[in-house]
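Participant: Protein chains in written order, with the working numbering: chain A, 1 to 354; chain B, 1 to 354.
There may be inaccurate statements among the hints.
Which copy? The list can't say, so a pair holds if one copy fits it or any two copies do.
With a cut-off of at most 27 Å between alpha-carbon atoms, the simulated BS3-like pairs for lysine-lysine come out as follows [claimed, not checked]:
hint, residue 1, residue 2
1, Lys51, Lys155
2, Lys304, Lys103
3, Lys91, Lys210
4, Lys103, Lys205
5, Lys130, Lys285
6, Lys106, Lys210
7, Lys43, Lys2
8, Lys43, Lys103
9, Lys43, Lys305
10, Lys91, Lys130
11, Lys210, Lys103
12, Lys51, Lys181
13, Lys90, Lys2
14, Lys106, Lys205
15, Lys43, Lys130
16, Lys3, Lys264
17, Lys181, Lys106
18, Lys3, Lys43
19, Lys106, Lys260
20, Lys260, Lys155
21, Lys227, Lys65
22, Lys204, Lys91
23, Lys3, Lys103
Simulated from the structure, these hints should not be mistaken for lab results.
Every value quoted in this text rests on a predicted model; they were computed, and no experiment measured them.
The primary structure of each chain is shown beneath.
Protein chains: 2
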Amino acid sequence: MKKHNFSAGPCILPEEVLQRASEAVINFNDDNLSLIEISHRSKPFVDVIEKARALALELLGLENKGYEALFLHGGASTQFLMTAYNLLNKKAAYLNTGTWSSKAIKEASLFGELIEVASSKDKNFNYIPKNFDIPNDVDYFHCTSNNTIYGTQMKSFPETSAPLICDMSSDIFSRQLDFSKFDLIYAGAQKNMGPAGATLVVVKKDILGKVERSIPSMLNYQIHIEKDSMFNTPSVFAVYVSMLTLQWLKDLGGISFIEKVNEKKSTLLYSEIDRNPLFKGVVSKEDRSHMNATFTLENDSLAKKFDTLWQEANINGLHGHRSVGGYRASMYNALPLYSVQALVDVMQELERQA
Amino acid sequence: MKKHNFSAGPCILPEEVLQRASEAVINFNDDNLSLIEISHRSKPFVDVIEKARALALELLGLENKGYEALFLHGGASTQFLMTAYNLLNKKAAYLNTGTWSSKAIKEASLFGELIEVASSKDKNFNYIPKNFDIPNDVDYFHCTSNNTIYGTQMKSFPETSAPLICDMSSDIFSRQLDFSKFDLIYAGAQKNMGPAGATLVVVKKDILGKVERSIPSMLNYQIHIEKDSMFNTPSVFAVYVSMLTLQWLKDLGGISFIEKVNEKKSTLLYSEIDRNPLFKGVVSKEDRSHMNATFTLENDSLAKKFDTLWQEANINGLHGHRSVGGYRASMYNALPLYSVQALVDVMQELERQA
């Protein structure tokens with residue numbers, strides 16, 4: 001029986017996507033060849049990557065608005081340096097909301113002056129800073145929309161005249177936003193899109209070409225745009241599975257549909273965390289993530305019993321990140337509501353047995 | 001019926017590897033979870049990447065010799081700049097034997113002075129330059145062991161006091177060499193290893209740490225070594241399939257075994273190219289690649305008939321690269337001898353019909 005998969009990433013993907021991906025590894029497109037042994041320049045694969053790029057823009061509502069969608073290598077960690085390589089002339093502003101923001105700041109600092117406009121490090125990143133100022137003269141402002149490790153999520157984004165860059169690795173395609181407010185969005189595929197190995201970059205073309213430094217080809221957004229995201233061999237399998245997942249989301253009704261499902265799931269779990277006297281949430285209520293719910297036991301001596309109960313209930317991936325401890329339930333797009341119910345049932349069973 | 005797959009890359013992989021990869025996409029390790037939806041830090045996947053790294057060193061005979069094997073993102077194209085970023089202080093020497101060497105030179109030139117010790121560009125890269133001098137004072141010497149596009153292969157490597165760096169993307173694990181002569185070997189996975197999306201780097205640790213510049217983390221070999229090739233989420237599926245393919249090769253008898261098979265295949269094909277009056281080889285005989293055989297028709301008017309014949313014979317991927325024209329038969333490790341025989345049969349059938 002399939003597990004209830006609360007893994008923080010790589011994470012659950014839709015069953016029908018996994019089925020089709022498995023079949024494509026043997027016989028893709030009825031050509032009696034595997035997806036992974038055909039030329040990436042063959043028409044069947046070019047169709048896949050073009051469809052994936054088009055679906056990404058369509059789902060975000062960014063068609064015909066001057067944006068390009070690219071599927072690149074290297075994960076969000078490569079975007080930490082690539083954004084700065086391409087866009088940082090003198091100084092840039094960063095909001096520090098956790099591990100990934102901190103890493104983005106570290107990598108970008110090799111390329112110019114960085115201004116940390118605010119940080120929630122003082123409270124182990126358990127809230128999102130508000131009411132910070134972004135200087136007018138920065139090359140861009142960078143933030144992380146959802147903090148997978150700590151379980152916080154930005155509910156609104158600052159108004160700024162500077163280009164707005166956002167790492168949406170762990171909540172892209174999960175909620176409706178006015179994505180046209182962003183100038184560059186990036187996201188590792190391995191949460192709401194597909195397997196590890198591909199990274200989606202959605203970039204407004206008119207912000208590019210404004211730095212003086214020479215940029216190596218593989219790190220240059222303009223070259224990837226000119227080459228239709230095929231400057232070198234893409235991560236074929238990861239792009240294919242991403243395309244299938246984006247199509248699955250579109251068929252369901254797109255982001256506005258999945259947002260409602262995600263709200264139901266997170267409301268169900270957070271309500272139980274707040275109701276059940278054995279548990280408490282880790283982060284400020286107004287900043288709680290709909291993707292990653294972090295919580296702890298009020299009494300650590302119940303940990304062994306709780307761990308046994310959820311593992312017996314066929315639940316996977318509930319341990320918190322080592323920098324937070326406790327528990328983390330990741331509820332990405334493909335996680336069904338009944339999996340959250342299964343977890344809530346276990347929390348109530350613990351209450352009965354305690 | 002499965003096609004005879006002569007694709008230049010991504011390319012043919014062993015049938016049993018594809019079968020296991022397909023199954024793992026549904027249920028990996030009998031855990032009722034897909035390989036692509038589990039944490040990359042879970043024991044089952046850590047075991048996979050550690051095994052892949054160990055097998056790479058074992059097959060190359062580089063265990064306990066100061067080398068590390070890494071599975072990184074970004075393809076060989078990222079290695080073009082990463083080698084220079086990590087190793088180029090003042091100047092480096094490059095041998096230019098084709099498209100990929102030229103690209104490596106272009107990317108590295110951002111980081112220091114480059115000396116092109118020799119080039120075969122004068123004859124559209126149809127031979128490997130010999131008898132060139134490598135200056136004593138360079139930081140390293142870089143070459144490409146096999147030129148996928150042109151069909152040439154280096155049969156010997158220069159003796160030099162400088163660190164020897166080699167792009168072995170299209171012939172790694174295909175022939176026995178004294179790999180301990182090399183200080184850094186890199187190879188995109190998508191020829192003799194696995195799907196596109198992972199890149200093997202085998203590096204002798206003592207050549208690192210000698211440049212002054214600051215290196216972004218994702219481009220820094222030392223950081224990837226310190227993090228056991230898990231600085232960020234690896235390309236999980238591509239690493240898994242690479243591990244299976246390396247295990248398949250080991251079980252067959254390793255490089256010394258497959259080298260004999262590869263020699264049989266290429267001898268069969270080149271003998272027919274030389275015997276059959278309708279065909280001629282593109283490159284100097286002594287430099288012919290055992291992986292990629294390039295050839296043309298003596299009389300272009302037979303092209304349509306030949307194309308029909310090989311396509312009817314269930315052969316895939318025989319068209320030459322646009323920069324060479326004609327035909328290219330790529331005979332990577334997983335291509336069976338009977339596929340080469342099928343191609344030779346078609347060439348002889350054309351001779352009968354012509």
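Participant: Now tell me if each hint is right for this structure.
Facilitator: Going through the hints against the structure:
no.	hint	in the structure
1	Lys51 <-> Lys155	neither (30 Å within a copy, 43 Å between copies)
2	Lys304 <-> Lys103	neither (34 Å within a copy, 56 Å between copies)
3	Lys91 <-> Lys210	within (13 Å within a copy, 29 Å between copies)
4	Lys103 <-> Lys205	both (25 Å within a copy, 25 Å between copies)
5	Lys130 <-> Lys285	within (14 Å within a copy, 70 Å between copies)
6	Lys106 <-> Lys210	both (22 Å within a copy, 22 Å between copies)
7	Lys43 <-> Lys2	between (35 Å within a copy, 19 Å between copies)
8	Lys43 <-> Lys103	between (38 Å within a copy, 25 Å between copies)
9	Lys43 <-> Lys305	between (55 Å within a copy, 23 Å between copies)
10	Lys91 <-> Lys130	within (21 Å within a copy, 49 Å between copies)
11	Lys210 <-> Lys103	both (24 Å within a copy, 24 Å between copies)
12	Lys51 <-> Lys181	within (24 Å within a copy, 45 Å between copies)
13	Lys90 <-> Lys2	neither (51 Å within a copy, 56 Å between copies)
14	Lys106 <-> Lys205	both (25 Å within a copy, 25 Å between copies)
15	Lys43 <-> Lys130	neither (48 Å within a copy, 39 Å between copies)
16	Lys3 <-> Lys264	within (20 Å within a copy, 48 Å between copies)
17	Lys181 <-> Lys106	within (25 Å within a copy, 36 Å between copies)
18	Lys3 <-> Lys43	between (37 Å within a copy, 17 Å between copies)
19	Lys106 <-> Lys260	neither (36 Å within a copy, 50 Å between copies)
20	Lys260 <-> Lys155	within (15 Å within a copy, 62 Å between copies)
21	Lys227 <-> Lys65	within (19 Å within a copy, 41 Å between copies)
22	Lys204 <-> Lys91	within (20 Å within a copy, 37 Å between copies)
23	Lys3 <-> Lys103	neither (32 Å within a copy, 46 Å between copies)
Checked against the numbered hints above, the structure breaks hints 1, 2, 13, 15, 19 and 23 and satisfies the rest.
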